[in-house]
Amino acid sequence: MIILYGGHFWKWVATRKLLNEFNIRHQLDSVPNELLINKDSFVLVVATAGHVDHGKSSLVRALTGVDPDRFAEEKSRGMTIDLGFASFSQNGVEVSFVDVPGHTRFIKNMLAGVGSMRTALFVVAATEGWKPQSEEHLRILELLNFEFGLIALTKIDGADPLLIELAQLEIAEATEATFLSSAEVFPVDSITGTGIGALKARLLDRAVTQQRSAAVGPTRIWIDRAFSVRGSGTVVTGTLTGSSLSTGAQLAVAANELLPRPSSTKVGPRRFSRILLDQRWTPLVRVRKLQSHGLELSLVEPDSRVAVNLSGIDANQLSRGDALFDPSRWLLSATFDATITVLPKLGHTVNRKGSYSVHLGSAESSASIRLLDASTQLKPGETGLARIIMPRYFPIRPGDRFVLRESGRHETIGGGEILDVVVTVPATRARPSKDLLSKLRELQQIEIEHLPKFTETGFEIENFEFHRLSNLAVDQEFAVSTRASLTERANSAGREGLDLASLSHLERALAEASTDLEVIDSRLFHAEFASLARDVTNSPLLSQLEQAGLHPPDFPPKERPTLRQLVKAGLAVETGGTYFANSAVEEAKLLLYRLAEESPQGFTVSEVRTLLDTTRKYLVPLLEYFDRTGITRRDGDLRSLGPVGVRESSNHTAGSVEDSGGDSSARE
Numbered sequence: 271m272i273i274l275y276g277g278h279f280w281k282w283v284a285t286r287k288l289l290n291e292f293n294i295r296h297q298l299d300s301v302p303n304e305l306l307i308n309k310d311s312f313v314l315v316v317a318t319a320g321h322v323d324h325g326k327s328s329l330v331r332a333l334t335g336v337d338p339d340r341f342a343e344e345k346s347r348g349m350t351i352d353l354g355f356a357s358f359s360q361n362g363v364e365v366s367f368v369d370v371p372g373h374t375r376f377i378k379n380m381l382a383g384v385g386s387m388r389t390a391l392f393v394v395a396a397t398e399g400w401k402p403q404s405e406e407h408l409r410i411l412e413l414l415n416f417e418f419g420l421i422a423l424t425k426i427d428g429a430d431p432l433l434i435e436l437a438q439l440e441i442a443e444a445t446e447a448t449f450l451s452s453a454e455v456f457p458v459d460s461i462t463g464t465g466i467g468a469l470k471a472r473l474l475d476r477a478v479t480q481q482r483s484a485a486v487g488p489t490r491i492w493i494d495r496a497f498s499v500r501g502s503g504t505v506v507t508g509t510l511t512g513s514s515l516s517t518g519a520q521l522a523v524a525a526n527e528l529l530p531r532p533s534s535t536k537v538g539p540r541r542f543s544r545i546l547l548d549q550r551w552t553p554l555v556r557v558r559k560l561q562s563h564g565l566e567l568s569l570v571e572p573d574s575r576v577a578v579n580l581s582g583i584d585a586n587q588l589s590r591g592d593a594l595f596d597p598s599r600w601l602l603s604a605t606f607d608a609t610i611t612v613l614p615k616l617g618h619t620v621n622r623k624g625s626y627s628v629h630l631g632s633a634e635s636s637a638s639i640r641l642l643d644a645s646t647q648l649k650p651g652e653t654g655l656a657r658i659i660m661p662r663y664f665p666i667r668p669g670d671r672f673v674l675r676e677s678g679r680h681e682t683i684g685g686g687e688i689l690d691v692v693v694t695v696p697a698t699r700a701r702p703s704k705d706l707l708s709k710l711r712e713l714q715q716i717e718i719e720h721l722p723k724f725t726e727t728g729f730e731i732e733n734f735e736f737h738r739l740s741n742l743a744v745d746q747e748f749a750v751s752t753r754a755s756l757t758e759r760a761n762s763a764g765r766e767g768l769d770l771a772s773l774s775h776l777e778r779a780l781a782e783a784s785t786d787l788e789v790i791d792s793r794l795f796h797a798e799f800a801s802l803a804r805d806v807t808n809s810p811l812l813s814q815l816e817q818a819g820l821h822p823p824d825f826p827p828k829e830r831p832t833l834r835q836l837v838k839a840g841l842a843v844e845t846g847g848t849y850f851a852n853s854a855v856e857e858a859k860l861l862l863y864r865l866a867e868e869s870p871q872g873f874t875v876s877e878v879r880t881l882l883d884t885t886r887k888y889l890v891p892l893l894e895y896f897d898r899t900g901i902t903r904r905d906g907d908l909r910s911l912g913p914v915g916v917r918e919s920s921n922h923t924a925g926s927v928e929d930s931g932g933d934s935s936a937r938e
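If you count the sequence shown from 1, position 514 lands on 784 in this note's numbering, and the numbers rise without skipping.
Just so you know, these hints were derived from the structure itself, not from any lab.
As the structure is a computational prediction, the values presented were derived from the model and not from experiment.
One should not assume that every hint holds.
[What the hints assert, rightly or not] Here are the computed lysine-lysine pairs in the PhoX-like style, where the Cα-Cα straight-line distance is at most 20 Å:
no.: 1; residue 1: K615; residue 2: K649
no.: 2; residue 1: K401; residue 2: K623
no.: 3; residue 1: K838; residue 2: K828
no.: 4; residue 1: K859; residue 2: K828
no.: 5; residue 1: K623; residue 2: K649
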């Protein structure tokens, strides 16, 4: 078999690192109650939707106690014109809202709010029933593949019972055969409070019972706000997707102001349809702090609202529609092939003529389209293949959803799913196959005799280089980009280096074949720092720490520079002025996971001290470290596993079962 890595797909992993500099709660007070970060694994991010003046913002205010309208103009006009944010929490369960405008003139702002989300609170006023923007919002949510929704029938205390009954019938008819077809309807009144408690309870229940997205795929945040905070610098907000994000992480920025423009609208060997990452265009930034509900956390899970404090870029260089992304997992593309479904109630056909705009995440771009399956037009309700060509680059991948609007008519015409972001053949010859590409992305491997099938999709074998030792065929441009990114990241990491386990199979193969990089003790170093790293690895202090276990010695001040280097290299952990060998900390974590499994109600400090056979002098800083990094969570006199501990213990348990073949006899 041969594993293929190229434009159609990639394999991604996420890394995390702890940096606890200061309490962002007081620094970012200009973002009150706006954001959500997964603290206890029970979180729900909800987009409101519905016709203008049906009470979306009033409902969010009744549920959260927070006014999502941010502008004086919104308050004076009584309708939302831009995105609003609010949230509430109860017993460790958190629900966050992105309140979107309902008026047709602000539909672009609505699209920016819902582009990265999957749960909706659909609002219909009992006094007015189903209206035109209700229909358009529902179709947009369908195009973006929303998975779950609740319906709020608002203003019931001011509506005649007959109007309420008619509105319910209209809702049932309009949502038939959509993701809302079986949605629960909650009659509520935001002024009197009728029904608010029941709706709130259902949202909390959904937060607990929802199937959370697995932390897979590349990290990406579509930016919906960017601003500067005195004393902290640049802050952006958005919804995190893909993998988890931690403080200290390095991300790239795709900013419209900084990126070059594609050189041509034609596609072929010289078409500049994709761009390799270059710090002139996609500068690297570092995550300084992460915030939610006035709390600073070191790790954020995907599908969470997040505020990110960045170093390395000014706020005035960023705007809505820009993106943060993992620089090692993306190419930027200005052209993609996709499926397009035309809305069934559209009053005309769709063809290449017309002025279009495409909406991806929180971004909007003008675009031209070329139909690929020999059709000259698509009728309402039809689905076809098309090429979308844009005048700017975005970090996109197969599987991303988008919405297409016609600028001249100011209407939504359809949307679909991206199939291919590396376009190598003209539209007249392109035949992207969703089934083939989905299968390829799923397996990430293919028997070499099956390669001809994929050449029909635009996959060209001559664009790949072969690595015999790792048995990989790698897209040439992607290989160049990945090597350059790895070299830059390793250089920025200095003596600390990069954790080899955090790299994909492809990255490790490219790194080991590079003359600018060197692997030492499971870490990747730039050649300039490799000799220094070898010196730290061979340090006698490391041997002392490893031999001491959870009873480390007190070192004189002169040894602290070397100890700090051991921490940066991932070989030691510092907490409260005490240094532990990383191997000892990892062993302590495994023992804690077993204790948590035996004591699901929680465990005491005394139990931990007995388990780890250490003294209070070392136990206190160690438990503080575990609390701070999310391994454990303190609740009064008891501790239990935190979100990181829950995930790592689950992975460890699954790995143990897999190693034993899942056979109970193997574990006995």
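So, going through the hints one by one against the coordinates:
no. : hint          : in the structure
1   : K615 <-> K649 : holds (10 Å)
2   : K401 <-> K623 : violated (30 Å)
3   : K838 <-> K828 : holds (17 Å)
4   : K859 <-> K828 : violated (30 Å)
5   : K623 <-> K649 : holds (14 Å)
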